[in-house]
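Protein sequences, first through last, are from chains Z and Y. According to our numbering, the first sequence is numbered sequentially starting from 30. According to our numbering, the second sequence is numbered sequentially starting from 2.
It should be emphasised that the hints constitute simulated quantities derived from the structure, not laboratory data. Check before you lean on any hint, since a few could be wrong.
As the list claims (entries may be wrong) - In silico BS3-like links for lysine-lysine, alpha-carbon gap of 27 Å or less:
| no. | chain 1 | residue 1 | chain 2 | residue 2 |
| --- | --- | --- | --- | --- |
| 1 | Z | K233 | Y | K204 |
| 2 | Y | K233 | Z | K70 |
| 3 | Y | K204 | Y | K31 |
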Amino acid sequence: MVADGVEDEEKWLSAGMAGLQQNAFYMHRALDSNNLKDALKYSAQMLSELRTSKLSPHKYYVLYMKAFDELRKLEIFFRDTISLGFSIVELYELVQHAGNILPRLYLLCTVGSVYIKTKEAPAKDILKDLVEMCRGIQHPLRGLFLRSYLSQVSRDKLPDIGSEYEGDADTVMDAVEFVLQNFTEMNKLWVRMQHQGPVSEKGKREKERNELRDLIGKNLHVLSQIEGVDLDMYKEVVLPRVLEQVVNCKDDLAQYYLMDCIIQVFPDEYHLQSLETLLSVCPQLQPSVDVKTVLSRLMDRLSSYAASGVEVLPEFFQVEAFMKLNNAIRKVTEAQADMPMVGVVSLYASLLTFCLQVHPDRLDYVDQILSSCVNELSVREGLDDSKATRQIIALLSAPLEKYKDIDTVLNLANYRCIMEYLNDSMRKEMANIIIQNIMNNKKTISTADKVDALFELIKGLIKDSGVETPDEPEDEFKEEQNSVARLIQMLHSDNHEEMLNIINTVRNHVLMGGAKRLPYTIPPLIFSSLKLARRLEGQDQSVTGEDVSVTPKKIFQIVTQTIDALASIPVPGLALGLYLQCAEAADDCDLEPVAYEFFTQAYILYEEEITDSRAQVTSIHLIIGTLQRTHAFGVENRDALTHKATGYSAKLLKKPDQCRAVYACSHLFWIDDHDNVRDGERVLLCLKRALRIANSVQQMANATRGSSGTASVVLFVEILNKYLYFYEKGVPQITVESIQDLIKLITNELRGDNIKSDAVADAFFSSTLRYIQFQKDKGGAISDKYKLIVL
Amino acid sequence: MNFIIDAFKPACHVSVTFADAKLRKQVALKKENGQTEMVPLFRSQDNIIGTVSVEPVPGRKVEHKGIKVELLGQIEMYSDRGNFYDFTSLVRELDIPGEIYEKKDFPFEFSTVEMPYETYSGINVRLRYVLKVTITRGYPGSIVQFQDFVVRNNSPSPSINNSIKMEVGIEDCLHIEFEYNKSKYHLKDVIIGKIYFLLVRIKMKNMDLEIRRRESTGSGTSTHVETETLAKYELMDGAPVRGESIPIRLFLSPYELTPTYRNTNNKFSVKYYLNLVLVDEEDRRYFKQQEITIYRLAESSEQAEAL
Chain Z
30 MVADGVEDEE
40 KWLSAGMAGL
50 QQNAFYMHRA
60 LDSNNLKDAL
70 KYSAQMLSEL
80 RTSKLSPHKY
90 YVLYMKAFDE
100 LRKLEIFFRD
110 TISLGFSIVE
120 LYELVQHAGN
130 ILPRLYLLCT
140 VGSVYIKTKE
150 APAKDILKDL
160 VEMCRGIQHP
170 LRGLFLRSYL
180 SQVSRDKLPD
190 IGSEYEGDAD
200 TVMDAVEFVL
210 QNFTEMNKLW
220 VRMQHQGPVS
230 EKGKREKERN
240 ELRDLIGKNL
250 HVLSQIEGVD
260 LDMYKEVVLP
270 RVLEQVVNCK
280 DDLAQYYLMD
290 CIIQVFPDEY
300 HLQSLETLLS
310 VCPQLQPSVD
320 VKTVLSRLMD
330 RLSSYAASGV
340 EVLPEFFQVE
350 AFMKLNNAIR
360 KVTEAQADMP
370 MVGVVSLYAS
380 LLTFCLQVHP
390 DRLDYVDQIL
400 SSCVNELSVR
410 EGLDDSKATR
420 QIIALLSAPL
430 EKYKDIDTVL
440 NLANYRCIME
450 YLNDSMRKEM
460 ANIIIQNIMN
470 NKKTISTADK
480 VDALFELIKG
490 LIKDSGVETP
500 DEPEDEFKEE
510 QNSVARLIQM
520 LHSDNHEEML
530 NIINTVRNHV
540 LMGGAKRLPY
550 TIPPLIFSSL
560 KLARRLEGQD
570 QSVTGEDVSV
580 TPKKIFQIVT
590 QTIDALASIP
600 VPGLALGLYL
610 QCAEAADDCD
620 LEPVAYEFFT
630 QAYILYEEEI
640 TDSRAQVTSI
650 HLIIGTLQRT
660 HAFGVENRDA
670 LTHKATGYSA
680 KLLKKPDQCR
690 AVYACSHLFW
700 IDDHDNVRDG
710 ERVLLCLKRA
720 LRIANSVQQM
730 ANATRGSSGT
740 ASVVLFVEIL
750 NKYLYFYEKG
760 VPQITVESIQ
770 DLIKLITNEL
780 RGDNIKSDAV
790 ADAFFSSTLR
800 YIQFQKDKGG
810 AISDKYKLIV
820 L
Chain Y
2 MNFIIDAFKP
12 ACHVSVTFAD
22 AKLRKQVALK
32 KENGQTEMVP
42 LFRSQDNIIG
52 TVSVEPVPGR
62 KVEHKGIKVE
72 LLGQIEMYSD
82 RGNFYDFTSL
92 VRELDIPGEI
102 YEKKDFPFEF
112 STVEMPYETY
122 SGINVRLRYV
132 LKVTITRGYP
142 GSIVQFQDFV
152 VRNNSPSPSI
162 NNSIKMEVGI
172 EDCLHIEFEY
182 NKSKYHLKDV
192 IIGKIYFLLV
202 RIKMKNMDLE
212 IRRRESTGSG
222 TSTHVETETL
232 AKYELMDGAP
242 VRGESIPIRL
252 FLSPYELTPT
262 YRNTNNKFSV
272 KYYLNLVLVD
282 EEDRRYFKQQ
292 EITIYRLAES
302 SEQAEAL
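Throw the hints in and build the complete structure from the sequences for me.
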């Protein structure tokens with residue numbers, strides 16, 4: 030059925046085209062032979078093809094364009110005829126003898142355009158006559174095309190200021206009047222189109238009307254091009270008249286398109302100066318009109334106008350653009366109670382963009398917008414709509430992007446209120462955006478109050494919401510928590526007291542985060558605290574007594590409590606690491622008892638919580654490393670700690686681990702820059718013990734596998750390296766002989782028949798030997814020592 | 002061949018020439034045989050002055066019993082073809098009985114001839130003016146020659162010429178108000194007006210303005226009325242809505258109109274009507290007919306001449 034319709038249409042179109050072309054042919058012949066009578070006759074017949082009712086707008090346009098081309102030729106002929114002395118007045122009458130109205134009016138418009146050119150009558154009179162006569166076509170489609178033809182042939186002949194057709198005073202008015210009238214009539218026809226024909230084809234008609242809309246819009250474009258339309262005339266005449274038509278036509282399609290058209294074709298400056306008039310129309314539009322898009326476009330235009338230069342901003346202030354827009358939005362939202370949330374929010378988002386552009390300094394405006402938005406959110410329902418939430422995110426992101434400063438945003442009281450309305454995942458996303466913004470702008474946040482506010486904003490990331498959320502992907506969660514961790518690093522105040530407050534605030538927030546988050550959030554907090562502690566330590570000498578409230582001790586107390594929170598999770602490895610970090614910091618601050626306490630905590634954790642052998646190995650190395658670097662401990666404490674550490678080392682499960690831990694322990698007894706810790710005996714003891722363990726590793730390997738693995742050889746080489754290290758440091762107990770023996774031992778091992786050669790061990794050993802050789806050759810005191818070693 | 006025709010040719014050639022033939026306007030006149038001929042145009046009260054020439058065929062003489070010229074105003078009903086009713090008849094004797102041997106001119110003059118009716122050629126009736134030259138002979142019969150001419154009478158512009166304004170309609174269906182700027186139009190006039198739609202409940206397709214001529218002949222029971230549509234002028238295309246007003250501008254010049262003849266010698270009358278026709282989508286026609294008076298206004302060139 031539909032296909033048939035399309036086919037039929039094709040047929041009708043080609044029939045129409047054929048008829049048109051045939052008559053055009055006769056017309057050409059008449060033109061060539063200068064036969065006016067025939068020219069009129071055949072052109073009228075040609076134009077009769079446009080009387081069809083069978084074509085859709087699209088196809089009709091094809092026909093119209095063809096006729097349009099032909100009429101250009103006719104117009105040239107008319108012009109020639111006139112220049113040969115034929116009276117234009119007579120010609121103007123002659124074309125009106127045509128019996129059919131449509132061809133008659135096309136011809137009349139064509140002659141009319143020639144008439145204006147001859148200037149034998151004022152352009153305004155001819156235009157007025159033409160636009161009046163066109164009323165005879167009440168058929169929407171044919172009327173629209175006829176009037177569009179009129180507009181086309183007249184647009185360069187309007188009695189505009191500076192135009193050659195300008196008459197005496199006030200002729201611009203006539204030009205405007207003409208275009209307005211044509212526009213009004215066209216719009217009426219266009220609207221009427223919707224109401225003619227069966228209801229079932231409503232959708233089709235809407236589509237067809239959309240295809241035609243530019244014909245109507247072109248009039249507005251012509252209006253905007255008239256030189257004589259200055260701001261005053263625009264405000265007093267053009268805009269009110271156009272808007273009157275817009276409101277009165279009561280057609281949603283037309284209203285939306287025309288409003289948009291007005292916004293697009295006239296200059297920004299005019300919009301600004303006539304804002305009130307333009308906005309007052311919005312609440313009067315049909316409820317189904319997409320006012321929000323209209324307003325958004327307007328605000329976008331004004332925003333970009335404002336962005337065009339600082340010099341235009343005073344105009345905005347002068348007309349109180351913001352207040353007007355704000356009022357308009359309020360009215361529109363009131364008038365259209367069932368406007369979807371997404372519309373409301375996007376309106377406010379546009380207003381906000383505008384506001385940020387025009388009044389970057391008026392935070393109160395921004396807050397006002399947010400507050401209106403909060404009101405809307407509280408009244409309306411359905412923020413489950415993902416588009417609406419997207420808009421809210423855009424709304425909330427705008428100030429961030431504009432001010433590039435979270436401080437400013439934190440001053441907006443309503444900012445947080447809006448975030449309350451987001452669902453969990455959106456809130457998280459917004460929090461991420463905020464953090465990202467802070468990161469990108471690299472601005473630190475320096476007061477506890479702001480930190481508190483900020484953490485309120487991003488609490489979606491900081492703690493679980495009451496409701497059970499579906500498990501989100503691990504990666505995403507990690508990413509989020511990592512950004513929180515990064516954020517914590519951005520909090521900084523040069524004032525110690527404030528910094529402590531910040532730390533406390535963050536701690537309060539972070540501790541609510543639950544087991545999943547703490548491992549991510551606590552470490553940066555601890556480090557940040559330790560940084561403060563160290564800073565205090567560095568300043569203590571100079572500013573004594575001033576920051577009485579803030580002491581390293583106090584910080585360490587907080588830190589201890591904070592780490593305690595990790596115990597419940599449990600992540601003993603992490604806690605242990607943090608304790609050791611604290612111990613080191615305390616050590617730096619010369620707080621021996623505190624440092625000792627931290628070590629104790631670490632040891633307890635090691636003993637009680639860390640059961641996995643791999644974790645133990647890692648932990649023990651951490652302990653040894655940290656302990657090695659401390660310097661605040663007295664002999665007694667140090668002994669206690671080192672003793673424990675060596676003890677742990679020897680009790681590791683795997684022999685190679687044992688071996689390595691034990692030889693690492695040797696460092697605890699000889700520290701170059703520490704005069705009290707130079708116990709060569711115990712170094713040697715450790716190393717010997719390590720050798721013993723390595724031996725037993727070898728024997729075990731022999732016993733279980735029948736052949737000795739190379740693992741032990743690597744251990745031997747490692748121990749050899751330790752020997753060389755201490756030998757170099759001048760530990761008296763490390764003798765050349767012992768080194769010599771060890772080298773021999775390793776050489777034998779490597780050459781033994783019953784082992785496969787091992788590339789790793791080989792390489793390790795030979796590079797060690799090369800090192801010895803290198804030291805020998807280098808010269809100097811160390812070299813002398815090495816020369817004693819015979820390879 | 003010429004020889005045979007010559008034998009039946011009249012013995013002489015008779016022609017009528019008007020004294021002011023060169024200055025006088027010539028108009029086309031449709032003759033009975035369908036051909037048109039250019040003939041001089043006169044008005045009532047004009048002097049009709051001319052010359053009748055009688056030119057015998059060389060070598061022959063014309064013997065006659067007197068020559069006269071008549072000016073006849075005739076009305077012919079087609080229902081009674083061939084019978085002319087002379088409403089005007091004037092005679093001038095040109096020559097006493099005698100013989101004519103060579104070409105001879107006879108001047109004649111009808112002064113200030115009263116010719117109240119215009120030449121008219123309608124569907125059922127014809128009104129004509131003719132000069133009839135008769136050379137009376139016993140045998141072989143009189144020689145008669147006709148010379149047609151046309152009479153048109155200008156009227157002054159009417160002193161009262163009201164517009165025609167009227168509201169018509171079908172209840173709850175269609176109400177329109179129309180206005181023609183005058184009730185009396187001259188032949189080259191323009192009808193200006195507008196149609197205002199007060200109520201439209203039917204789907205219009207288009208609207209035409211027709212000019213209709215109503216020719217009625219005879220009187221009493223034998224009155225015969227013939228109506229023809231001389232112009233059909235489309236005013237509107239498509240369906241208007243309430244409140245629309247459609248302009249009318251109809252030039253009368255392209256149409257072959259005559260003035261309105263109210264009562265021509267009690268024989269016939271010709272009246273004109275404007276018929277406004279609305280056609281709806283089902284091709285139903287709604288119309289309203291209004292009489293207008295058409296008169297002949299002196300053409301500007303003639304007026305200039307009169308001055």
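Exercise. May I ask which of the numbered hints given earlier this structure violates, with the numbers listed in increasing order?
Key: 3
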